[in-house]
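Guided by the hints, dock chain F onto chain X, whose structure is given.
Going down the list, the sequences are from chains X and F.
Residue numbers 72 to 758, in the working numbering, belong to the letters of the first sequence in order.
Residue numbers 232 to 578, in the working numbering, belong to the letters of the second sequence in order.
Careful, some of the hints might be misleading.
[To be verified] 27 Å max Cα-Cα, derived DSS-like pairs, lysine-lysine:
1) X/K592 to F/K314
2) F/K237 to F/K314
3) X/K630 to X/K613
4) X/K703 to X/K630
5) X/K673 to X/K630
6) X/K737 to F/K314
7) X/K703 to F/K403
8) X/K613 to X/K601
9) X/K673 to F/K292
10) X/K592 to X/K630
11) F/K403 to X/K737
12) X/K601 to X/K630
Quick caveat, the hints were computed from the structure, so don't treat them as lab data.
None of these values were measured; they are calculated from a predicted model.
Residue strings, one per chain:
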Amino acid sequence: MPTCQGADVPFSRPPITRRALTLTLRLGTLALGLGTLALGTPDLWHAGTLSAAPVPPRAPVAFAPRQIPSPLSQRLANYSLRAALDDATHTITGDGTITWTNGTKHPTSELRFHLYWNAWRDDRSTWIQETRLGRTSMAGRPAADRGSIDVTALTLGAADLLPAATFIAPDDGNPDDKTVLRVALARPVAPGETIELGIAWTSHVPRPYARTGVQGQYYFIAQWFPKLGVLEDAGWNCHQFHAATEFFSDFGNYDVTLALPQNWNVGATGAEIKADPAAGDAARTNHRFVQTDVHDFAWTTSPDFMVTSRDFIEPGLPKVTMRLLLQPEHGTTEQVTRHFNATAIALRNYGNWFGPYPYDQITIVDPVTVFNPAQGANTGGMEYPTLFTAGSRWKLLAHELRPESVTIHEAGHQFWYGMVATNEFEHAWMDEGFNTYSTARAIATDIDPQIATVERYFGGFLPWAYEDAVWTREVDGDRLNAYRLVASFDAQSTPTWQYWPGSAGAITYNKTALWLNTLEKMLGWETTQKILATYFQRWSFKHPTPDDFFAIANEVSGKDLTWFFDAVYRSSATFDYAVGQVTGHTVAIQRLGDGIFPVDIKVTFADGQSTVTHWDGADRWHILNDASNTSKIVAVEVDPDRVLLLDLNRTNNSWTAEPQAGLAAKRWSLRWITWAEELLMTYGFFS
Amino acid sequence: MASSVKAPILGCLAEGWRRVIAAPALSASLLVVTLLVALPMGRVVGGMIEQQLGSSLVAEKPAWNWDAAWAAEFAAEAQGLGKTFTHEIIGFGGTLKILSGIADNQPLNPTLAGAVAAYAMLWLFLTGGIVDRLARGRAVRAPGFFAACGGYFGRLLRLFVISSVTYWAIFKWWHPFLLSRVYDHYTRDLMSERDGLVIRALLYLAFGLVLFIANLIFDYAKVRMIVEDRRSVVSALGASMRFLRRRPLRAFGLYLLNGIAFLMVLRLWLELAPQAWDSIGWAFLVTQIYLLVRLWLRLAFVASEIVFFQGELAHAGYTARPPYVWPNSAAAEAIENLGHGRPPAES
Numbered sequence: 072m073p074t075c076q077g078a079d080v081p082f083s084r085p086p087i088t089r090r091a092l093t094l095t096l097r098l099g100t101l102a103l104g105l106g107t108l109a110l111g112t113p114d115l116w117h118a119g120t121l122s123a124a125p126v127p128p129r130a131p132v133a134f135a136p137r138q139i140p141s142p143l144s145q146r147l148a149n150y151s152l153r154a155a156l157d158d159a160t161h162t163i164t165g166d167g168t169i170t171w172t173n174g175t176k177h178p179t180s181e182l183r184f185h186l187y188w189n190a191w192r193d194d195r196s197t198w199i200q201e202t203r204l205g206r207t208s209m210a211g212r213p214a215a216d217r218g219s220i221d222v223t224a225l226t227l228g229a230a231d232l233l234p235a236a237t238f239i240a241p242d243d244g245n246p247d248d249k250t251v252l253r254v255a256l257a258r259p260v261a262p263g264e265t266i267e268l269g270i271a272w273t274s275h276v277p278r279p280y281a282r283t284g285v286q287g288q289y290y291f292i293a294q295w296f297p298k299l300g301v302l303e304d305a306g307w308n309c310h311q312f313h314a315a316t317e318f319f320s321d322f323g324n325y326d327v328t329l330a331l332p333q334n335w336n337v338g339a340t341g342a343e344i345k346a347d348p349a350a351g352d353a354a355r356t357n358h359r360f361v362q363t364d365v366h367d368f369a370w371t372t373s374p375d376f377m378v379t380s381r382d383f384i385e386p387g388l389p390k391v392t393m394r395l396l397l398q399p400e401h402g403t404t405e406q407v408t409r410h411f412n413a414t415a416i417a418l419r420n421y422g423n424w425f426g427p428y429p430y431d432q433i434t435i436v437d438p439v440t441v442f443n444p445a446q447g448a449n450t451g452g453m454e455y456p457t458l459f460t461a462g463s464r465w466k467l468l469a470h471e472l473r474p475e476s477v478t479i480h481e482a483g484h485q486f487w488y489g490m491v492a493t494n495e496f497e498h499a500w501m502d503e504g505f506n507t508y509s510t511a512r513a514i515a516t517d518i519d520p521q522i523a524t525v526e527r528y529f530g531g532f533l534p535w536a537y538e539d540a541v542w543t544r545e546v547d548g549d550r551l552n553a554y555r556l557v558a559s560f561d562a563q564s565t566p567t568w569q570y571w572p573g574s575a576g577a578i579t580y581n582k583t584a585l586w587l588n589t590l591e592k593m594l595g596w597e598t599t600q601k602i603l604a605t606y607f608q609r610w611s612f613k614h615p616t617p618d619d620f621f622a623i624a625n626e627v628s629g630k631d632l633t634w635f636f637d638a639v640y641r642s643s644a645t646f647d648y649a650v651g652q653v654t655g656h657t658v659a660i661q662r663l664g665d666g667i668f669p670v671d672i673k674v675t676f677a678d679g680q681s682t683v684t685h686w687d688g689a690d691r692w693h694i695l696n697d698a699s700n701t702s703k704i705v706a707v708e709v710d711p712d713r714v715l716l717l718d719l720n721r722t723n724n725s726w727t728a729e730p731q732a733g734l735a736a737k738r739w740s741l742r743w744i745t746w747a748e749e750l751l752m753t754y755g756f757f758s
Numbered sequence: 232m233a234s235s236v237k238a239p240i241l242g243c244l245a246e247g248w249r250r251v252i253a254a255p256a257l258s259a260s261l262l263v264v265t266l267l268v269a270l271p272m273g274r275v276v277g278g279m280i281e282q283q284l285g286s287s288l289v290a291e292k293p294a295w296n297w298d299a300a301w302a303a304e305f306a307a308e309a310q311g312l313g314k315t316f317t318h319e320i321i322g323f324g325g326t327l328k329i330l331s332g333i334a335d336n337q338p339l340n341p342t343l344a345g346a347v348a349a350y351a352m353l354w355l356f357l358t359g360g361i362v363d364r365l366a367r368g369r370a371v372r373a374p375g376f377f378a379a380c381g382g383y384f385g386r387l388l389r390l391f392v393i394s395s396v397t398y399w400a401i402f403k404w405w406h407p408f409l410l411s412r413v414y415d416h417y418t419r420d421l422m423s424e425r426d427g428l429v430i431r432a433l434l435y436l437a438f439g440l441v442l443f444i445a446n447l448i449f450d451y452a453k454v455r456m457i458v459e460d461r462r463s464v465v466s467a468l469g470a471s472m473r474f475l476r477r478r479p480l481r482a483f484g485l486y487l488l489n490g491i492a493f494l495m496v497l498r499l500w501l502e503l504a505p506q507a508w509d510s511i512g513w514a515f516l517v518t519q520i521y522l523l524v525r526l527w528l529r530l531a532f533v534a535s536e537i538v539f540f541q542g543e544l545a546h547a548g549y550t551a552r553p554p555y556v557w558p559n560s561a562a563a564e565a566i567e568n569l570g571h572g573r574p575p576a577e578s
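The shape of chain X in the complex, shown without the other chains:
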């Protein structure tokens, strides 16, 4: 048995110091500690001016008489509605008239209405079923969370249409889905004929689903009334509500009066032209909003909103009044400034690139921050005509794209969705993808390039900016990373409501932004801008289809871009070009993906010269044999200008005779090792 060396030293207590010295030491240590923490407390959340001063509420506005502008759209579906909100029961009771014109060449013997809120009546709806396949299932939420809409009256003249109304499921035959109501008519409506329907309904406001609902006394109300589908020459285009899609309806005029609790602030589509006490109910105020030439009407109310306005003024563009409704804890100068600036960035850039925003006002709604899914779904990041929800946090970082990214995007939807009103059930990429591309471009144009990647820790409350991970338009703005993971899932030409729910977002938003940016790199910004501006101006206040855009792209560019749209839109093939092998003066380029795209190949020689060859990209491999330069080949690049942004693997696009991979591996493996050491030590604290 081993023996221990040496004698043990008897334990001695710490030396006893005199009272004063002990006290001094204690106080000094405490001061040092607190000083380090307090004086050196880092401004983790924000560097820059930040005023905590709350924004004063908007002063009452004297309502000026309105001039009704000339029609911008066909105004096929016009709604004159009255609705009352009961805050105690979260119920909206509404009635009104719908004036509808058959704008097609064929008569119709039926009407079809969207009743979107019935998607949240129970767990059997198509919408709920499809969320199970996506990232976040909405099934199993408490019954108190649910919403619904019930039509209580539907008349055409003296005829009661309700007995002839049935729920249908034209997309999947789900008998439990009640989001489409078909109403048979005794007499067909002829082409060009206008009818006036009387309607009444009751909606139960849910805890938020799909960005609509109530949280506390904050209401964001969208898709809240029975809304007619769109009658096309081929028949009714009135899909069930799907998890991966949004909405589609005709343009018209909206005249909506909302009876809301007194002193609550309100925001809605259009302009408020009247506010007066509700007759026979002193506790309510009637707010009347009107807007012409829009295809939807949403509204929001809360007693807590802080309200402010600012005018957007830009030479060459019409003035727009921007109205901001902020949550109280976001009522700081910084929040106000950042929201308005972001909205102005959208109005300015989109206005200059595509066409002016035609309405007098735009309303920005700051929703309640959902920091825990238990609060319900977020109501932020959603667009409605002349009104949208953004999304902010209590503490903002200077180099963070919040709230700018979502604000620019949703303001941008006024153009792609609001005015160019594509069918979001079938071609969601046409508004979301176009807008994602445009948003990324606007951010790259007008915002500080040193935008950092921000992660949130400790329950999402502590943001941290990784300033070394800088935002780029191609990767972050066009969202390449998310697209890469699901690139082969669906061809964009598949109707959006049939996309796989888990990947629908990336195919809709990201893929479109990437190929639009690719188009821009191919054709140049000037031509691309002309294409988009022509498309915007020809199809504003209409419902274009993909072929309408493709035709304009061919027309304006003067090229036949069918091959391009076949590759990116009509196919789910992925793109991956690679340098296969370099031996002497022989270079082999490979097409690893199924997608075909013409690419340039740049070969650089040791004497500094380089050659660029164009390859149509069709075959699986391509050999270059360039003996014209006797110098050694030092580098090869496929698509050196990174035109093809859909190429999933950029790393294999190049080759160098002096690879730096070893150095990169050394740098980052050492960093990783030190991080792993810290992880081991931290978790090892409990061992």
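Frame of chain X, contents of chain F only:
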């Protein structure tokens, strides 16, 4: 026997630091051990990076800085350990991620979890020697150190089983109860993020309190087990709880002081953590110094607890287990007694 003298906790802290400063080989050795555990994994990650980059020109940027686009491409293709290679290893953010991962009970990458388990075993083995060395307050040299490691390992392993089950239960039940059920309940109708932050902070405190109480009990169990040469883990645990029950505020105060020291180090690290573009050597050196300080703090923490215990229950001449004397088994003792004509001990 209980001492009526109250050991001042600041003095215990200072004496603990002094003992650790006087044992520089301990801190340095532990840093080397930590590095050696992380190194093989780091080589695997490095191999993945080098293979993925190949002869590509893309490597030019990550050779001197962070390339977010390339890193995302790498992450999309990576498997296993490679998935942990993200921007969240850079600088102070990496520290936040680790701490947040524990606070939010996030699962670890399986390979990393295995490495943590292996590291925990190594630390367990070395704990006997560490506590013995710090309790004696004098050099014991490597043979003495490892003799103590081996001598106490069995007991510490038994204690580790109990502590592992306890921590597992805390993370498995207490954490979800607080940070999921209670948190969801109190935030469901919340309109203010600030209020949510306050609630979450309070719940973190409630979680941390139980966790750190458990940690305190196990720490003092180790101290009593080694300093008093207790053979029974259960008795060591009981002794630890009794010790803490009789002086809860000062024991917790000492724990808190050590926690403040840790926060101060974190604050400095926030300023000094290397950026992505810092040179390889400089970044490695600065981080190793930071890790050395962290290890030193950990040792000082243990030492302060030992000093506190020794100060409170200062058995004269008692620094640690008495040295082994041959023979030491009961049978050998009986034979020796016979040899010396001593009567057998009363049963």
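For each hint, the structure was consulted:
no.: 1; hint: X/K592 to F/K314; in the structure: violated (32 Å)
no.: 2; hint: F/K237 to F/K314; in the structure: violated (51 Å)
no.: 3; hint: X/K630 to X/K613; in the structure: holds (25 Å)
no.: 4; hint: X/K703 to X/K630; in the structure: violated (38 Å)
no.: 5; hint: X/K673 to X/K630; in the structure: holds (25 Å)
no.: 6; hint: X/K737 to F/K314; in the structure: holds (17 Å)
no.: 7; hint: X/K703 to F/K403; in the structure: violated (62 Å)
no.: 8; hint: X/K613 to X/K601; in the structure: holds (19 Å)
no.: 9; hint: X/K673 to F/K292; in the structure: holds (19 Å)
no.: 10; hint: X/K592 to X/K630; in the structure: holds (15 Å)
no.: 11; hint: F/K403 to X/K737; in the structure: violated (38 Å)
no.: 12; hint: X/K601 to X/K630; in the structure: holds (14 Å)
When each numbered hint is compared with the structure, violations occur for hints 1, 2, 4, 7 and 11.
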